[in-house]
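Protein chains: 2
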Amino acid sequence: REEIEADGLCDDLGAVRDQDIARAMAGLSTDGMSRVVDVLPDDRRAAVFGFLEPRAQYALVERLGETRARELLEALRPDNLTALLEHLEPEEGEAVVRRLSPHRVQQALRLLGYPPESAGRLMTPEFIALRPEWTLAYALEHVQQHAGRSETIDTLYVTDAHGRLLGWTGLRKLVLGAPQSTVESLMDSDPVHAVVGDDREEVARQIQHYDLTALPVVDEGGVLLGMVTIDDVMDVVEEEATEDIHKLGGLGARQVSLRGASILDLFKKRIGWLLLLVFLAIFAAGAVSAFEETLEAAVVLSFFLPLIIGSGGNAGSQGATMMVRALATGDVGPKDWLKLWVRELGVASALGLTMGAAAWGIGLFYGGTMLANVVFLSMIAVVVFGSMVGMLMPFLLTRFNLDPATASAPLITSIADIGGILIYFGIATAWIGVTGASPAG
Amino acid sequence: REEIEADGLCDDLGAVRDQDIARAMAGLSTDGMSRVVDVLPDDRRAAVFGFLEPRAQYALVERLGETRARELLEALRPDNLTALLEHLEPEEGEAVVRRLSPHRVQQALRLLGYPPESAGRLMTPEFIALRPEWTLAYALEHVQQHAGRSETIDTLYVTDAHGRLLGWTGLRKLVLGAPQSTVESLMDSDPVHAVVGDDREEVARQIQHYDLTALPVVDEGGVLLGMVTIDDVMDVVEEEATEDIHKLGGLGARQVSLRGASILDLFKKRIGWLLLLVFLAIFAAGAVSAFEETLEAAVVLSFFLPLIIGSGGNAGSQGATMMVRALATGDVGPKDWLKLWVRELGVASALGLTMGAAAWGIGLFYGGTMLANVVFLSMIAVVVFGSMVGMLMPFLLTRFNLDPATASAPLITSIADIGGILIYFGIATAWIGVTGASPAG
Numbered sequence: 005r006e007e008i009e010a011d012g013l014c015d016d017l018g019a020v021r022d023q024d025i026a027r028a029m030a031g032l033s034t035d036g037m038s039r040v041v042d043v044l045p046d047d048r049r050a051a052v053f054g055f056l057e058p059r060a061q062y063a064l065v066e067r068l069g070e071t072r073a074r075e076l077l078e079a080l081r082p083d084n085l086t087a088l089l090e091h092l093e094p095e096e097g098e099a100v101v102r103r104l105s106p107h108r109v110q111q112a113l114r115l116l117g118y119p120p121e122s123a124g125r126l127m128t129p130e131f132i133a134l135r136p137e138w139t140l141a142y143a144l145e146h147v148q149q150h151a152g153r154s155e156t157i158d159t160l161y162v163t164d165a166h167g168r169l170l171g172w173t174g175l176r177k178l179v180l181g182a183p184q185s186t187v188e189s190l191m192d193s194d195p196v197h198a199v200v201g202d203d204r205e206e207v208a209r210q211i212q213h214y215d216l217t218a219l220p221v222v223d224e225g226g227v228l229l230g231m232v233t234i235d236d237v238m239d240v241v242e243e244e245a246t247e248d249i250h251k252l253g254g255l256g257a258r259q260v261s262l263r264g265a266s267i268l269d270l271f272k273k274r275i276g277w278l279l280l281l282v283f284l285a286i287f288a289a290g291a292v293s294a295f296e297e298t299l300e301a302a303v304v305l306s307f308f309l310p311l312i313i314g315s316g317g318n319a320g321s322q323g324a325t326m327m328v329r330a331l332a333t334g335d336v337g338p339k340d341w342l343k344l345w346v347r348e349l350g351v352a353s354a355l356g357l358t359m360g361a362a363a364w365g366i367g368l369f370y371g372g373t374m375l376a377n378v379v380f381l382s383m384i385a386v387v388v389f390g391s392m393v394g395m396l397m398p399f400l401l402t403r404f405n406l407d408p409a410t411a412s413a414p415l416i417t418s419i420a421d422i423g424g425i426l427i428y429f430g431i432a433t434a435w436i437g438v439t440g441a442s443p444a445g
Numbered sequence: 005r006e007e008i009e010a011d012g013l014c015d016d017l018g019a020v021r022d023q024d025i026a027r028a029m030a031g032l033s034t035d036g037m038s039r040v041v042d043v044l045p046d047d048r049r050a051a052v053f054g055f056l057e058p059r060a061q062y063a064l065v066e067r068l069g070e071t072r073a074r075e076l077l078e079a080l081r082p083d084n085l086t087a088l089l090e091h092l093e094p095e096e097g098e099a100v101v102r103r104l105s106p107h108r109v110q111q112a113l114r115l116l117g118y119p120p121e122s123a124g125r126l127m128t129p130e131f132i133a134l135r136p137e138w139t140l141a142y143a144l145e146h147v148q149q150h151a152g153r154s155e156t157i158d159t160l161y162v163t164d165a166h167g168r169l170l171g172w173t174g175l176r177k178l179v180l181g182a183p184q185s186t187v188e189s190l191m192d193s194d195p196v197h198a199v200v201g202d203d204r205e206e207v208a209r210q211i212q213h214y215d216l217t218a219l220p221v222v223d224e225g226g227v228l229l230g231m232v233t234i235d236d237v238m239d240v241v242e243e244e245a246t247e248d249i250h251k252l253g254g255l256g257a258r259q260v261s262l263r264g265a266s267i268l269d270l271f272k273k274r275i276g277w278l279l280l281l282v283f284l285a286i287f288a289a290g291a292v293s294a295f296e297e298t299l300e301a302a303v304v305l306s307f308f309l310p311l312i313i314g315s316g317g318n319a320g321s322q323g324a325t326m327m328v329r330a331l332a333t334g335d336v337g338p339k340d341w342l343k344l345w346v347r348e349l350g351v352a353s354a355l356g357l358t359m360g361a362a363a364w365g366i367g368l369f370y371g372g373t374m375l376a377n378v379v380f381l382s383m384i385a386v387v388v389f390g391s392m393v394g395m396l397m398p399f400l401l402t403r404f405n406l407d408p409a410t411a412s413a414p415l416i417t418s419i420a421d422i423g424g425i426l427i428y429f430g431i432a433t434a435w436i437g438v439t440g441a442s443p444a445g
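Residue numbers (our numbering), protein chains in the order written: chain F, 5 to 445; chain D, 5 to 445.
No lab work stands behind these hints: they were computed from the structure. Warning: the hint list may mix true and false statements.
In this list, chains with the same sequence are indistinguishable; a pair is considered to hold if it fits within one copy or across any two.
What the hints assert, rightly or not - The calculated lysine to any residue pairs, modelled on SDA-like cross-linking and capped at a C-alpha distance of 25 Å, are:
| no. | residue 1 | residue 2 |
| --- | --- | --- |
| 1 | Lys177 | Asp24 |
| 2 | Lys272 | Leu68 |
| 3 | Lys339 | Asp24 |
| 4 | Lys177 | Leu190 |
| 5 | Lys272 | Ala50 |
| 6 | Lys177 | Leu17 |
| 7 | Lys339 | Ile25 |
| 8 | Lys339 | Glu57 |
| 9 | Lys343 | Asp35 |
| 10 | Lys272 | Ala87 |
Same shape as in the complex, but just chain F:
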């Protein structure tokens, strides 16, 4: 069946785009992929290879003939080569590096020397640099001669004799300007730029905020080292959002493609948090056991346990979710916590009152006025408690330089559970006045 698929892929390649061939290949075995590579026209092979996922690229390199593997690796754009090497185990990386020309090895090692998730890892070191004193006519000629050396020529940078970034301009300005005017006269000086060690999230934020299509990357001395293009940044924005979503859902940070993941991969991504939450639940069990006598006197209280603790957890999850996302997009900053806390107190009180009123009716139905009152009061207290935990936890985590998204819905729910149990049975014990019930269990 796969053979047919591989052959079908190659039937009418003219109408299929490189990216779509790469996507279709992702579903094939290494054998199938190598058969597709073999029948691809010479001028499209490198492009398709460049769009494959790192794992698939590596598998192909190991599978293909030596000459072809070298050819494909050599044609890989520098930023894609960095991405490939980043994703490989050390001994696999060696197998790739062994096949590169000395110049590419040097380039790859330099790029991999920058910290993970930094601007340096994301950039391509190939760009076209103009000099400020050149005329536009001369600059245009220079661009025409060196266009092959750069990923894009829509954005062009201007440097001094030492390679220091002076400004940027666009091909469009060269074309629209008077041929005899100088580059300096139409460049934007003081361009937005990143330093090579900057976090890639910061790079994405700059490109987004300033509506750029490329961002220059410089070293500490201001020397231009490369550029990050917006298409790479789009992937970063998506990956970072996935990371946050996974963390909020109580999943480990390890990046795993759901499509290709094994049962073991998924087990590892999930078990850590789940066991930690089981451990937290010991305290919940302890909290319930502390009110054993209250419970024995009024088993009806346990009917409402899921409602009460669940509501605290739900309100808390909402609060944490809003805060984490707003911090990630820069909608609010860590310094805003006090203002947000005061407002959250207002919102939570209103939510608690509304939910308490609804729960009061349910309580009345099951156990009469007294139970209804206990449920009403507990609901308000629990929703406020849960919301406070959910809202403050992300800020606390940033304070300790931890990722606010660690305040996941499951974590907030587990903490709200323990608080909710204490609040609910505490109020019940006091109100119903089950004397003889000792909080020490």
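With chain F held as given, fit chain D onto it using these hints.
Leaving out everything else, chain D in the frame of chain F:
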């Protein structure tokens, strides 16, 4: 204090970028903003205004003198004007439209005629179209003359005499090609494009998948209507991620900036789901009450209720989160559900066994072997049940054309609660053999 801020803003504007002025203005009152607009140099006023949020733009239009308001609105790019009108109440929109020239009114009404969140709402109708038979030299001249009409000239489209899209090319190809060759000889025919009613998420996915910086938008007949540029799509990717994150956290879909939201805004965004979950919890209360006699016979069972139902909810939240995100990024498709279900069954069993083993120890500590065994078995069953619900719910929702992200952590948790209670007390009733306990309560 604000007056000082407004003045401070204007002290040294040369060094501050338009986007940063707009961001700083967001913190000011309408008075403060209008004072900044007044002192801005004439050539930067429109640019800064274009970067403001729609609400701030509207407030300014109402506050500024009539001439200046008209000037700023007229200079607004068509896609930004669409965004502004989209965000206003009907009577506010009228106040804006009243100030536009007839040509702009017509254009705005046409764009707003496309469905919300469609390619048409996102596109700018200003582009440069070339003819296939033109020489590059002639085309370049045409571009130079009409550059002001388009948001970008890096990407250029090729149409026939009826305006139908034939292909695309870039300024870079015009510059690098031989001046006497034709546009047709170097254009990409059969270009990736969107139809005007396509969802904006689909537009974002195409731009991302094909590494484009702009996507042409055509009508059903293939006539080129406009283009969507990548900087607008970056914002879409971020907004859609926020929407998914909020839904997964059990928040309403209403877009609210946390920074500017009132207590009422936030209450409205949160109360809907919370009340629905309270309603669901009635079933949880009913489920517990069905086992009243079992509970009366062994109150110790209630100690483990939070642990058991919480674990099902946590495993389910994880499963739902992974599925929702993988569906959103296209990592998996709705057709993959069976394969994923089988794998989830394997993962959930492994998770349940591990967590059950941990919970067994806790059970032993509180109540002996028999309780430990009940907790162990329940844990496995509940984790598998929760994971199945969490994993399948997003697929079920897509089947009914609903957003998979509706399968929020709080919703999955609430459903897992009810199932968990029935499983746990069911197993307990059977194993401990509390005879006389009637499941009908």
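Okay, the hints, checked on the actual structure:
Taking CA atoms no more than 25 Å apart as the test, Lys177 paired with Asp24 passes between copies only; the shortest distance there is 24 Å, against 34 Å inside one copy. Taking the shortest Cα distances, Lys272 and Leu68 never come within 25 Å of each other, neither inside one copy (32 Å) nor across copies (59 Å). For the homomeric pair Lys339 and Asp24, the shortest alpha-carbon distance between copies (18 Å) is at most 25 Å, but the shortest distance inside one copy (46 Å) is not. Taking CA atoms no more than 25 Å apart as the test, Lys177 paired with Leu190 passes in both settings, with 7 Å inside one copy and 22 Å between copies.
Taking the closest pair of Cα atoms, Lys272 and Ala50 never come within 25 Å of each other, the shortest separation being 35 Å inside a single copy and 53 Å across copies. With identical chains, the CA atoms of Lys177 and Leu17 are at most 25 Å apart between copies only, with a shortest distance of 24 Å across copies and 37 Å within one. Proximity of Lys339 to Ile25 under the C-alpha cut-off of 25 Å is restricted to the inter-copy arrangement: shortest distance 20 Å between copies versus 48 Å within a copy. Only between protomers do Lys339 and Glu57 lie at most 25 Å apart by alpha-carbon distance; the minimum there is 22 Å, versus 40 Å within a single protomer.
Taking the closest pair of Cα atoms, Lys343 and Asp35 come within 25 Å of each other only across two copies (22 Å); inside a single copy the shortest separation is 59 Å, beyond that limit. Within a single copy, Lys272 and Ala87 get their C-alpha atoms as close as 23 Å, which meets the 25 Å cut-off; across copies the closest is 44 Å, which misses it.
Consistency note: the structure conflicts with the earlier hints numbered 2 and 5.
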